[in-house]
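Given the coordinates of chain B, assemble chain D onto it according to the supplied hints.
Chains B and D, in that order, give the protein sequences. Position 159 of the first sequence, counted from 1, bears residue number 159 in the numbering used here, the numbering being contiguous throughout. Position 168 of the second sequence, counted from 1, bears residue number 168 in the numbering used here, the numbering being contiguous throughout.
One thing to keep in mind: the hints can contain errors.
[Stated by the list, open to error] Cβ pair distances, simulated, as ranges:
| # | chain 1 | residue 1 | chain 2 | residue 2 | range |
| --- | --- | --- | --- | --- | --- |
| 1 | D | Gln14 | B | Pro38 | 47 to 53 Å |
| 2 | B | Asp196 | D | Ala303 | 32 to 38 Å |
| 3 | D | Arg113 | B | Ala302 | 26 to 32 Å |
| 4 | B | Ala302 | D | Pro329 | 52 to 58 Å |
| 5 | D | Tyr116 | B | Gly111 | 38 to 44 Å |
| 6 | B | Gly248 | D | Gln183 | 41 to 47 Å |
| 7 | D | Tyr116 | B | Ser256 | 24 to 30 Å |
[Unchecked claim] Among the chain B residues that face chain D by a calculated CB cut under 10 Å, a handful are:
| # | residue |
| --- | --- |
| 8 | Ile17 |
| 9 | Ala20 |
| 10 | Asp30 |
| 11 | Val32 |
| 12 | Glu33 |
| 13 | Gly197 |
| 14 | Ser201 |
| 15 | Ala265 |
| 16 | Gly272 |
| 17 | Leu297 |
| 18 | Gly331 |
| 19 | Asp337 |
To be clear, the hints were calculated from the coordinates, so they are not data collected in a lab. Quick caveat: nothing in here was measured; it's all calculated off a predicted structure. Glycine included, each C-beta is placed from N, C-alpha and C at the ideal position.
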Amino acid sequence: MGGELACPVPLPAGGRILLAHGGGGRMTRDLVERLFVPAFRNDVLAALHDSAVFDAPGARLAFTTDSFVVRPTFFPGGDVGTLAVCGTVNDLAMSGARPLFLSLGFILEEGLAVDDLGRVVASIQRAAREAGVAVVAGDTKVVERGKGDGIYITSSGIGAVIAREPVEPGRVRPGDAVLVSGPVGQHGVAVMAVRDGLRFSAPILSDCASVAAPALALLEAGLDVHCLRDPTRGGVATVLNEIATQAGCEIAVHESAVPVGDDVAGACEVLGLDPLYVACEGRFLAFVAPQHAEAALALLAARTDTSRAARIGTVRAAGTPGLVTLKTVAGGERVLDLLSGEQLPRIC
Amino acid sequence: MKYLDEYRDGSAAQRYAENLRAIVTRPWTLMEVCGGQTHSIVRYGVDEMLPPGVTLVHGPGCPVCVTPVAILDRAFRIARRPGVTFASFGDMLRVPGTSDDLLHVRAEGGDVRIVYSPLDAVAIAEREPEREVVFFAVGFETTAPANAMAVQLAARRKLRNFSLLTAQVRVPPALEAILAEPQCRVQAFLAAGHVCTVMGTAEYLPLVERHRVPVVVTGFEPLDLLQGVAMAVRQLEEGRSDVEIQYARVVRPEGNPAARRAIEDVFEVTDRTWRGLGPIPQSGFGLNARYAAFDAERRFPDATPDAAEDPECRAGLVLQGRLRPQECPAFGTRCTPEHPLGAPMVSSEGACAAYWLYRRRRAAAPAAAGAGAT
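Isolated chain B, as found in the complex (with noise of 0.2 Å):
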């Protein structure tokens, strides 16, 4: 207090940090735009896309970071490790970059067996041999027992923007086509039930993948990509929203055509939670301009890791900024809107 820094007053309520602050909802972004932004304001930071993009010397470079808390360490489809790569890639790939070197920081709670380690960096082995990458620096920390969860990854990653034009949501345009890559809700639905105890017939496996090479497979066919953004916490519906408001346009989904496996479908409905708000770590989404939403939903439908993609979406010509509205599946309009905080399974 006193000082000249003056520090925004970002949240009201009793002043706590709740998990809601970290779920991708309102709150986090509250917590983002109202403590972080203001904090350390400059221009590339202002564009809160996935990852800064910024000119180097004779390059232009895309970079990022991330945190990766998961519990439990290891779930069907992949670990904490997979993630730390996989989430890094995917981000890089989202800002037009080709990811190029990862930095990991580990912490590691005392009593963590060493084979268990030696799995997740395996993992981490196998992830960015898969991408491309190459893991180049390192930090390792140890907490006392009870201080943390098994194994905590912070990734940061660079990579070279191939991009000709930027890919953010700025450039997004009215009629421009909405993809997704693939089936959504996956890792969500994965990882609670692991972590919930819950049993399904088959085991729903998380998505966890890099998406580098189908985002960039669209940017090197010379399509006109103008953003892309994997759904990862808060899901589809959140990073919708996210792009609606900063683009300053209306987005309406067709909830008939996003691709729901019948597992997570499921799943979801018992639990009742939206597999729009649930976490892909294996998707994206893209805006592409209409005269291309075609060619582009044709070059992933070829591939095998995109081929259920499919246009769920159109950027609305005159609309309210900000918005996004579904067309639901029995033909009813409604706001598809940001949730508060975590979704919560409800009680009957």
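What follows is chain D alone, placed relative to chain B:
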């Protein structure tokens, strides 16, 4: 997905709406009882498919919403006690009491855990015998059998560290209370399908007879709701008042006898206070004398006087179908999901939450959805 997509089919919904239009000759006001139905209606725009004059008002069937502030405050005090593990369904965590919610209790160090079934809470009690495990038994007749089974299981396993904080409520007395209000404009009820799956339909016969009000036990998907409305409107148009079952793929007139036996074994009918509605005689379940040892209110005696509800919150009127959420002066201003005045704004079955989530930005326009209510 099979058994769901069929009941959400857009073209079938249009056909149902046209058929309904053909039988309506004058305005009717119907109440859907359950908050799950309210959400489906607002989410899929079912109310917008109805012919002009047929109005749906939203009922009290949101268990989270009707749990009184006094019980919530008591829950928070129990959850803060060292040694207590407080287990709850997820959507109770955001519900505000006088000055708190369970998320804040957890952020301050209380051991609050989300479970998917009361049996999970019994499992915690068995696994962690040094902890006092309290399950927050909130809900209508739908959740009562599982809560009863949890108590039976805990009794069989001789667990001394498991108890229920009960806020179990019953639908029929609430419908009686709504009909008894002089301003009541409800002419027919779409009863809650899952409640009747357990209880059957016999409980509604006296209500129908006394008030001459049609009751149609209805499901939760758009086509269920459209068909339920059509069945109720047909009764009204024909001057009949019967108990009918739309949700026949799940509900039997006799209900689920095994589930009812579990309820009867563990609970007794008691008077209950409903948040927003006040005391309603015979409207709840409490643990009976045989299972009194599993009553958290006995285990953790609490002499703190009951707090009053926030006078600015009009949840009571909303829960009786007398006020639409957007008509409340606090809606979206003093009351939001981040800073709720009342439970309907944060419950996944709350009417205010439905309008906030699905209609808010359109509600500002002159042709606001739901403005057809008179």
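Now for the hints, and whether the structure bears them out:
1. D:Gln14 to B:Pro38: 47 to 53 Å: 50 Å, holds
2. B:Asp196 to D:Ala303: 32 to 38 Å: Given a distance of about 36 Å, which is inside 32 to 38 Å, the answer is holds.
3. D:Arg113 to B:Ala302: 26 to 32 Å: Once the Cβ atoms are compared, 47 Å apart, the range 26 to 32 Å for Ala302 of chain B and Arg113 of chain D is violated.
4. B:Ala302 to D:Pro329: 52 to 58 Å: Holds, since Ala302 of chain B and Pro329 of chain D (Cβ atoms, about 56 Å apart) stay within the stated range.
5. D:Tyr116 to B:Gly111: 38 to 44 Å: 29 Å, violated
6. B:Gly248 to D:Gln183: 41 to 47 Å: 45 Å, holds
7. D:Tyr116 to B:Ser256: 24 to 30 Å: 29 Å, holds
8. Ile17: At about 7 Å, which falls below the 10 Å cut-off, the nearest Cβ of chain D leaves the hint on Ile17 of chain B intact, so it holds.
9. Ala20: At 7 Å from the nearest chain D Cβ, Ala20 of chain B passes the 10 Å test, so the hint holds.
10. Asp30: The hint holds - Asp30 of chain B has a Cβ within 10 Å of chain D, the shortest such distance being about 8 Å.
11. Val32: Nearest chain D Cβ about 15 Å off; hint violated.
12. Glu33: Nearest chain D Cβ about 14 Å off; hint violated.
13. Gly197: 8 Å, holds
14. Ser201: Cβ of Ser201 of chain B sits 14 Å from chain D, so the hint is violated.
15. Ala265: 5 Å, holds
16. Gly272: The hint holds - Gly272 of chain B has a Cβ within 10 Å of chain D, the shortest such distance being about 6 Å.
17. Leu297: 23 Å, violated
18. Gly331: This hint holds: Gly331 of chain B lies near chain D, its Cβ roughly 4 Å from the closest one there, short of 10 Å.
19. Asp337: 5 Å, holds
Going down the numbered hints, you'll see the structure goes against 3, 5, 11, 12, 14, 17, while the others check out.
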